[in-house]
Amino acid sequence: MVFRTRGGIVSAVTRVQNYINGLSDASDEEINFIGYKANLISQLNLVKAMKAKYIGIQDDIIKGLPDGATKEAEIVSKEDFIERCDDLISQIDTLILEAPQSSSDDSKRDPLSTSDMAKFFTAFITQAEQRHQQQMELLLSTLTNTASTNDTNTYCKTTKLPQTKLPTFDGKHASWKSFKDRFTSSVINVPNISNVQKLDYLMSAVSGNAEACIKKLSMTDENFAVAWKILEDKFDDKNEIVSEYIKTFFAMPRMSSSGAQAIQEITNVFTECTMALDAMDVSQKDPWLIQYTLDRLDSESRVLWGRQCGTEVPTVNAFIKFLDQRCKDVKNSSSSSNKPSSNTSQNSRPNKPQLPKRQATALTNSANASSCRCCSESSHPLYKCPKFLNQTPGERFETVKTLSLCRNCFATHLTHSCTYHKCRKCQGRHNILLHDKYASDSSNRTDPASSSANSASNSGSPSSNHTSDSSAVVAVCASSESDHSDLPPRVFLATALVNILTANGEMIPCRIILDGGAQVNIMTSDLAQRLNLPRFASRLSIAGVNSTRSRARFYVNATILSRTSDTQFTLKCFVLPSVAGNIPNWPVDTSMLHIPHEVALADPDWAVQRPVDLLICGNHYWASWLTDSIRLGPGLPILKETVFGHVVVGEQEPIPPPESFAFTATALDQSIRRFWEIEDASEPTSGTDDQIAAENHFASTHQRNEDGRFIVQLPFREDPHVLGESRPLAIRQFLALERRFITPKERRQQGILSPEELNKALERLIFMDQSENFPGVAGNILSRGRITLSQFKSLSALTPFVDFGGLIRVGGRLENSDMPFQSKHPLLLPKSPLTKLIVRNEHLKQCHAGPSLLLATLRQRFWPLSGRNVVRKIVHDCIRCTRANPRPLQQLMGDLPQHRVTLDRPFQITGICQQRAQHFGKKFRLLYLNTLQQRSKWRHNQQNVKVGEVILFLDETQSGSKWVLGQVSAVHPGKDGKVRVLTIRTPRGTYTRAITKTARLSLDGNILCSNQS
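Residues in the sequence shown are numbered consecutively from 1, following my numbering.
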């Protein structure tokens, strides 16, 4: 709409310009009509109005465009139109000035008659209409030619797509060609659309199997080409498209009635298939015959044929060759499987019981077999081919893959259906000649002893045990694969990925499991939390295996929607912490499972071990199943169709682990030798000098008392007299201990000081302090009833009085309150050291409270003069409080350096015009430089830190109790003499820091506080 309005404005200005150009070519008689000047003025106003409206519209268009060539073109177009309007306005102004004026000469001129004026005006309008019609025809032809030569000019220079429905693709090969052409014309060929937008449109257009191919890609500019290439490689398969149309044709339903609708359905299928194949230039009979025959072959043959034919449409001759080769391969495989293995008798040992092993058949070629498929020279098997053996393991793998052979026995069947024995090194489902290709680092790290034993057993030669004199233990290992029929089966459960509605109506994905044996639907608490659905109370007890019970405290009503169809279910789900563990609960090897790519799986990540969010009970379990099923092969799960897509269910044959047997045997001669070595009496050994001396000392000094106990003297290495005389010291300590118990009886009866005694002692100290700092005040109050001394007039506001103990208390105004006496009339404390001790003690009792709390608790009993200042001083000087809330040091903000306030070369060598540089320099001085006069912080002069002061480091990464103390060893003043940098010596070393990262500690009067704390 905006572009249409802009086009109308340009057309209006063009018409005015054509009209003015026509007036410039007219004669004086033609322009001397009534209203000529007024018409020019109206045209002038019209051009001005169109110019202003065009500027507004064009500015909105430019703002909505991204930076690039399109935006630059719109800016140039705006400037050209403005210049065009200005020229037209100037031209109209000139015509207005040159227009004839009403003067005396005009009055003398013979006026035109009415009939002449009408004729002239009619002729002028006719000529103007003819000129306008010619110009419109010329403009129309120009636009037509431009549209035919350049189609891109018809697009609006914006990212808005045509108002058409975006094509969709569900992963069917038959729909790929149509989707590719429509998406290319609707999105890819549209200019001015970024690749991110194209990828977004592509993501929203695909569904089903096609969506699963590209949904893992991130929304980036480069991934659009990657996503489009993935879809082309997967679905642009001519052979699959032809096969799909032929399958649709063969699946044409029979008419159940003779109605017109049934005939029309058959006609539609016939027309669609035949015309689609004709459009793909598939007119021969080969695809029809091949597809009809292929549907009657076994699944293994169909897979092998799909590997061979590739993406091109096959021919009947190639299909016949494939059938002949397939027949020979099956005959050779069946004939070789009937022959007994000859290696069993050669490798068997006499007089040794054999463990039950799984028999394996060796593949041999008959005399009439074909030549080697690798070298094409002789009829030897592939595992004996010199060319194949000279290749690296990676090249051998590619050769087997190219020849479409089994990776286990090199036959022509599929690997997962092979019954030949597995790799002797890692028990993997591959031939030993391909082991290095499959082997990982973990499979290569084996025990050397077992590796040697296994290699000996694999080679078929009997192992000989050599016992040396230095080795007394012999390790014997053996490995075997038994018939593990008792292994637990591995069963795939039906899982699906669905969308579930939240309380806000949004859809989020969740993983469900279909359980036909459950009676209720169960949801995990995590999913219920994400859905935010209304919860209803419940007391249901859910019983599981072995009568284990779980109680569901509430349930929710949830709605799930299928991702592949329009099916939806509303479920009553009981909420439990979890539904089940990871499903499946074993690592799945998907290399043996060949799932058709046209099948839409209900759970794309069915093989990934992860938990489920919701369990669907039997009520909706049976309503979810459909009739279609696909078998993947013997011993493999099957694909069952549901309303959510195909699910992978059924049992998979487990891979039996190898059994290893090991025992250790000790040589007989080594055991006998060890026996008599233990029983032999050892020769006595001589002890050290200290041991001999101690033994002689005990033998010469021991004695036996009457109780039969032995008494010995302590053995001293040297003479005991060298220890010094310790008897006097021991006597003094004993006497001191004795004197502690020889105390007066009255003191022992008194015990420790009582609270009353401590309170009397404190009041006595306060009385002495008041007498010293308030001399004569108590007597003045007792004699006069008030304070009349001039030096203590400031105490009059407190209305002090003297109590019975002679202490001065605050009278105040709280006499009628229910507070205790000491709170209504606190003791008056002067400015003295005793007051500081009382305040500091209260500060410690209140666990280092702040000034306000400390003053409030202090005034419950005392009233210190200038109490707020005293309290602040105590809190400020407390080291623990300072460390808990330190205040960084500050200094007056310094002057700006020269390079911050002076223009320098970077403004002169930028390479732009000098006028810009000079303009910037002028604006820099006039508009910016004067804004730097004010100091935004640190506005006051502070006392400089001096050498020797104690400083606290501020470390934001640690708590305040772990901050380090240091002493200033040097200061570094600036040009103005202000110290802003310090050198600090700490126990950890010497550091240089700014004062804003440190805090000053005041140690005056803190020693007592520190000791008490």
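Think of the hints as simulated: they come from the structure by calculation, not from any bench. These numbers were taken from a predicted model, which means no experiment stands behind them. Where is the CB? At the ideal position from N, CA and C, for every residue including glycine. Hints may contain errors.
Pair ranges (Cβ atoms, derived) [unchecked claim]: (1) Gly68 / Ala225: 17 to 27 Å; (2) Leu389 / Val491: 35 to 45 Å; (3) Asp566 / Ile542: 24 to 34 Å; (4) Ala318 / Asp566: 52 to 62 Å; (5) Asp605 / Val491: 17 to 27 Å; (6) Pro191 / Gln325: 31 to 41 Å; (7) Gln967 / Ser823: 38 to 48 Å; (8) Gly68 / Thr627: 31 to 41 Å; (9) Ala12 / Asp566: 21 to 31 Å; (10) Leu837 / Arg939: 52 to 62 Å; (11) Thr627 / Pro191: 43 to 53 Å; (12) Leu927 / Ala797: 21 to 31 Å.
The hints, checked one at a time:
Taking 17 to 27 Å as the suggested C-beta distance range, the pair Gly68 and Ala225 conforms, at roughly 20 Å. Under the hint 35 to 45 Å, the C-beta atoms of Leu389 and Val491, about 41 Å apart, fit the expected range. Roughly 32 Å separates the CB atoms of Asp566 and Ile542, a value that falls within the hinted 24 to 34 Å. Separation of Ala318 from Asp566 is about 43 Å and departs from the stated range, judged on CB atoms against 52 to 62 Å.
For the pair Asp605 and Val491, the supplied restraint of 17 to 27 Å holds, since their beta-carbon distance comes to about 18 Å. Look at Pro191 against Gln325: about 53 Å separates their beta carbons, and that is not inside 31 to 41 Å. Checked against the hint of 38 to 48 Å, the pair Gln967 and Ser823 passes, with Cβ atoms roughly 45 Å apart. The given range of 31 to 41 Å is broken by Gly68 and Thr627, whose C-beta atoms sit roughly 56 Å from each other.
Our hint of 21 to 31 Å for Ala12 and Asp566 is violated, since their Cβ atoms are close to 53 Å apart. The given range of 52 to 62 Å is broken by Leu837 and Arg939, whose C-beta atoms sit roughly 38 Å from each other. In this structure, Thr627 and Pro191 meet the distance hint of 43 to 53 Å, their C-beta atoms being roughly 49 Å apart. A hinted range of 21 to 31 Å for the beta carbons of Leu927 and Ala797 is inconsistent with their spacing of about 57 Å.
Checked against the numbered hints above, the structure breaks hints 4, 6, 8, 9, 10, 12 and satisfies the rest.
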